[in-house]
Structures are given as C-alpha cells and as structure tokens.
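Could you build the full structure based on these sequences and the hints that come with them?
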Amino acid sequence: MKNLNEDLKTGQLKPVYLLYGEEDYLKDMYKQRIKKALLPDEDTMNLTVYRGKGVDIREVISQADTMPFFAPRRMILLESTGLFKGSAGELAEYLPGMPQETVMVFVEDEVDKRGKLYKAVKSCGRAVELGRQDAKTLTAWVLGQVKKEKKNLTRQALDLFFQKAGNDMVNISNELEKLFCYTYGRNVIDVEDIQEICTVTTENRIFDMIHAVAEKNQRKALDLYYDLLALKEPPMRILFLIARQFNQLYQIKDLSEQGFDSGGISQKAGIQPFIVKRSLRQTERFEKAVLRQAVEDCVAAEEAVKTGRLGDQLAVEMILVQYSSKKSRQEDFQN
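Here the sequence shown is numbered in the numbering used here, starting from 1 and rising by one per residue.
Just so you know, the hints here were simulated from the structure itself, not pulled from any lab data.
Computed from a predicted model, the values in this text were never measured in an experiment.
Don't be surprised by glycine CBs; every beta carbon is placed ideally from N, CA and C.
Incorrect hints may appear among the rest.
[Unchecked claim] What follows is a list of derived Cβ distance ranges for each label pair: (1) A304 to G263: 37 to 45 Å; (2) R33 to K232: 50 to 58 Å; (3) N204 to T307: 29 to 37 Å; (4) E196 to A304: 36 to 44 Å.
[Said to hold, decoys possible] Simulated pairs of lysine to aspartate or glutamate, EDC-like, Cα-Cα distance not exceeding 16 Å: (5) K53 to E110; (6) K27 to E129; (7) K164 to E101; (8) K122 to E93; (9) K178 to E192; (10) K14 to E101; (11) K268 to D134; (12) K27 to E79; (13) K147 to E177; (14) K27 to D168; (15) K277 to E257; (16) K27 to E93; (17) K147 to D190; (18) K2 to E129; (19) K148 to E177; (20) K85 to E101; (21) K27 to D109; (22) K119 to E101; (23) K31 to E59; (24) K220 to D134; (25) K136 to D159; (26) K216 to E287; (27) K119 to E90; (28) K164 to D190; (29) K119 to E129; (30) K53 to E79; (31) K150 to D190; (32) K178 to E215; (33) K31 to E90; (34) K288 to E317; (35) K122 to D112.
Here you go:
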C-alpha cells in the first residue's frame with residue numbers, strides 16, 4: 001500500500017495494477033484514486049470497464065492497443081473477472097509490451113500467486129493486497145472520520161461501536177454515516193447512540209450463536225441460525241463463520257495458556273483487542289481439544305455438502321446440535 005500511495009502522490013503510475021483482498025472499501029477507494037489520477041471526471045471515452053467472468057482477452061488487448069481520444073492516457077478496468085484463478089497466458093504475455101498510454105487496473109477478491117498473470121503484473125506493475133485492517137489502523141481511521149464531522153466519540157462508545165460494526169470498512173463507513181445523521185446538531189457520540197442506531201453484523205450474531213453453544217442453550221443457538229437464514233445468509237457462509245469463530249477461540253485459548261495477556265494475544269494473533277477480551281471469557285467454557293475438533297468437524301461438514309452427502313442447511317444444524325447438546329464433544333474429551 002505504501003508504494004501505491006507514493007505512485008499516486010508523485011503521479012508516476014505503473015502500467016498495470018492489481019488490487020486484491022477482502023477489504024472492498026480500500027479496493028474501491030484506490031480504484032477511484034487511480035482513475036482520478038488518470039482521467040478527468042467527465043472523460044468516459046478513455047475508460048473501458050469489464051466486470052464478471054467470461055471476459056474476451058483479445059477484446060481487452062484490442063482496447064488497450066487503442067490510442068487515447070484527445071487525452072494522454074487510457075484506463076482499462078477489469079473487476080471480478082476470475083482471470084487470476086485460471087489460465088490467462090495471452091494477457092500475461094501481452095502486458096510487458098502494452099502501450100505506455102494505457103494503464104490496466106484489475107480488482108479481484110482472490111488470486112493465485114503462482115499464475116502467469118499474477119507474476120506478469122508483479123513484474124510490470126504492482127500487485128497490492130488489501131485485506132482487513134488491524135485494530136490500530138481502524139481506530140485511527142474511525143476517529144479521523146469522527147473528527148472531520150467535528151464530533152467526539154467516548155472510549156466506551158468506540159469499543160461498543162467496533163463490537164457491533166466489526167472490522168469490515170464498508171460496514172463501518174455505513175454505520176458511521178448513520179451515526180452522524182442520528183447525532184446531527186450534537187458534538188458527542190455516546191454509548192446510547194451506538195445502542196440505538198448501529199446494527200449487529202452477521203459476525204457478531206455468530207459470536208452470540210457460539211456463546212449459546214457454550215452455554216448449552218441449543219434453542220437459542222438454533223434460533224439465531226434461523227434468524228440468519230431469514231436474513232438470506234447462505235448456510236455455507238454461516239458454516240465458514242462458525243469454523244472461523246471456533247478457530248479464533250482456539251488461537252486465543254492457546255496463546256492464553258502460553259501466558260500471553262489480552263494485549264499480547266491481540267498482537268500475536270492479529271485479532272482486534274475488543275474481540276480478544278470478550279472471547280477470553282468464552283474460551284473458559286471450552287477445552288482446547290474440543291475447539292480444534294469443532295474446526296475439523298466444520299471442514300468435514302463442508303466436504304459432505306460439496307459431495308452431496310448432506311444438505312447445506314442440515315449440515316450447519318448438525319454442528320450446532322452436536323456442540324450444544326448436554327452430552328457433547330466437550331464431555332467426550334473430558335472423559
């Protein structure tokens with residue numbers, strides 16, 4: 001990210017950029033900044049956009065070879081094409097000789113770093129991974145946004161805000177916008193404002209679900225699951241988040257047993273401090289071996305769905321029932 005910022009600051013842009021990772025907010029921000037550095041807002045003649053799979057590589061190359069129309073630069077934008085997960089040899093071979101008037105920008109969620117196209121981008125330009133940001137970065141960013149609005153956020157309100165909004169910058173930005181509108185005419189945002197207006201993320205619902213599992217409250221765990229289904233959350237995404245939560249609890253418990261305090265765990269595992277603090281209490285209800293087995297069972301459930309041996313909704317139900325029952329894996333490991 002540092003090199004990309006330097007390119008934008010100096011105006012010396014590379015011929016090709018790849019913006020990838022799970023932080024959509026940053027990918028969109030840098031995409032817009034590159035576009036602004038290359039083209040005036042009203043210039044649509046020199047911007048060509050391709051979205052989705054099935055992109056015609058030869059058409060892309062033809063557009064890239066076209067001279068800009070009454071302008072010094074042309075921009076080719078390719079989003080969510082999946083080209084970095086398959087074979088794109090022709091495009092990879094083309095990039096080194098691409099006209100200097102053209103800048104090509106790829107925006108993807110996932111890439112295969114072993115592929116020819118990724119290596120070509122690395123060689124000719126920049127491949128920039130934009131993943132979830134750490135707690136320090138997010139805190140500074142949120143406080144900066146609050147300051148721009150000439151408001152203050154109490155420490156307790158900030159902690160609660162992150163508990164509800166999570167670490168997705170798109171969601172954080174949306175929740176901040178709601179807060180700024182809700183507190184219009186006031187300078188201070190407090191806990192009551194957060195409780196009143198901020199929405200709980202799916203990730204936090206998953207945390208509550210695992211908490212219900214830990215308490216052997218099977219009814220509540222299943223009710224939370226059905227609520228997520230009613231909100232159109234795909235069962236396989238829910239399963240992934242459950243597995244991630246169990247794995248996070250395992251990491252936190254393991255580091256805690258090694259003698260790390262909450263700050264040390266946060267730094268070592270790259271987990272936000274507020275998540276570590278609330279998760280430490282949750283880990284007390286699980287044996288470490290149970291948490292490891294839960295992750296393995298989630299992986300097995302995913303495989304069963306993919307091979308058609310289980311339906312996706314039933315697979316998640318079985319995990320929740322298995323670990324929230326009065327006689328569960330926890331007791332198996334203790335016996």
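Taking the hints in turn, this is what the structure says about them:
Separation of A304 from G263 is about 39 Å and conforms to the stated range, judged on CB atoms against 37 to 45 Å. The given range of 50 to 58 Å is broken by R33 and K232, whose C-beta atoms sit roughly 33 Å from each other. Range check, N204 to T307: about 31 Å between beta-carbon atoms, so the 29 to 37 Å window is met. Against the hinted window of 36 to 44 Å, the Cβ-Cβ separation of E196 and A304 comes to about 42 Å, which satisfies the hint.
Between K53 and E110 the CA atoms are separated by roughly 13 Å; this keeps the pair inside 16 Å, and the hint holds. With a C-alpha separation of about 9 Å, the suggested pair K27 and E129 falls inside the 16 Å cut-off, and the hint holds. Distance check on the hinted pair: K164 and E101 sit about 46 Å apart at the alpha-carbon level, beyond 16 Å; violated. Between the alpha carbons of K122 and E93 the distance comes to roughly 13 Å, so the proposed pair stays at or under 16 Å and holds.
This hinted pair checks out: K178 and E192 have alpha carbons roughly 14 Å apart, not beyond 16 Å. Of the supplied pair hints, the one linking K14 and E101 holds, its CA atoms being roughly 11 Å apart against a limit of 16 Å. Restraint check for K268 and D134: the C-alpha separation of about 12 Å stays at or below 16 Å, so the hint holds. The suggested pairing of K27 with E79 holds, with an alpha-carbon distance near 10 Å, which does not exceed 16 Å.
Proposed proximity of K147 and E177 is supported: the alpha carbons are some 13 Å apart, at most 16 Å. About 12 Å separates the Cα atoms of K27 and D168, which keeps this hinted pair within 16 Å; it holds. Of the supplied pair hints, the one linking K277 and E257 holds, its CA atoms being roughly 15 Å apart against a limit of 16 Å. Of the pairs offered as hints, the one joining K27 and E93 is violated, with about 25 Å between alpha carbons and a cut-off of 16 Å exceeded.
This hinted pair checks out: K147 and D190 have alpha carbons roughly 15 Å apart, not beyond 16 Å. Taking the CA atoms of K2 and E129, the gap is about 11 Å. The hint holds against a cut of 16 Å. Taking the CA atoms of K148 and E177, the gap is about 12 Å. The hint holds against a cut of 16 Å. A C-alpha spacing of about 27 Å is found between K85 and E101, which places the hinted pair above 16 Å, so the restraint is violated.
About 9 Å separates the Cα atoms of K27 and D109, which keeps this hinted pair within 16 Å; it holds. A C-alpha spacing of about 22 Å is found between K119 and E101, which places the hinted pair above 16 Å, so the restraint is violated. Taking the CA atoms of K31 and E59, the gap is near 22 Å; set against the 16 Å cutoff, the hint is violated. At most 16 Å may separate the alpha-carbon atoms for a hinted pair to count; K220 and D134 exceed this at roughly 31 Å.
Of the supplied pair hints, the one linking K136 and D159 holds, its CA atoms being roughly 12 Å apart against a limit of 16 Å. Between K216 and E287, the direct Cα distance comes to roughly 14 Å. Compliance with the 16 Å bound is thereby established for this hinted pair. Taking the CA atoms of K119 and E90, the gap is about 13 Å. The hint holds against a cut of 16 Å. Between K164 and D190 the CA atoms are separated by roughly 14 Å; this keeps the pair inside 16 Å, and the hint holds.
Straight-line distance between C-alpha atoms of K119 and E129 comes to about 14 Å, which keeps the hinted pair within the 16 Å bound. Proposed proximity of K53 and E79 is supported: the alpha carbons are some 9 Å apart, at most 16 Å. A distance of roughly 14 Å separates the Cα atoms of K150 and D190; the hinted pair therefore holds under the 16 Å criterion. For the suggested pair K178 and E215, the alpha carbons sit about 34 Å apart, so the restraint of at most 16 Å is broken.
At roughly 24 Å between alpha-carbon atoms, K31 and E90 are farther apart than 16 Å, so this suggested pair is violated. Pair hint K288 plus E317 does not hold up; C-alpha atoms about 22 Å apart against a cutoff of 16 Å. Of the supplied pair hints, the one linking K122 and D112 holds, its CA atoms being roughly 12 Å apart against a limit of 16 Å.
In summary, the structure is inconsistent with hints 2, 7, 16, 20, 22, 23, 24, 32, 33 and 34 from the numbered list given earlier, while agreeing with the others.
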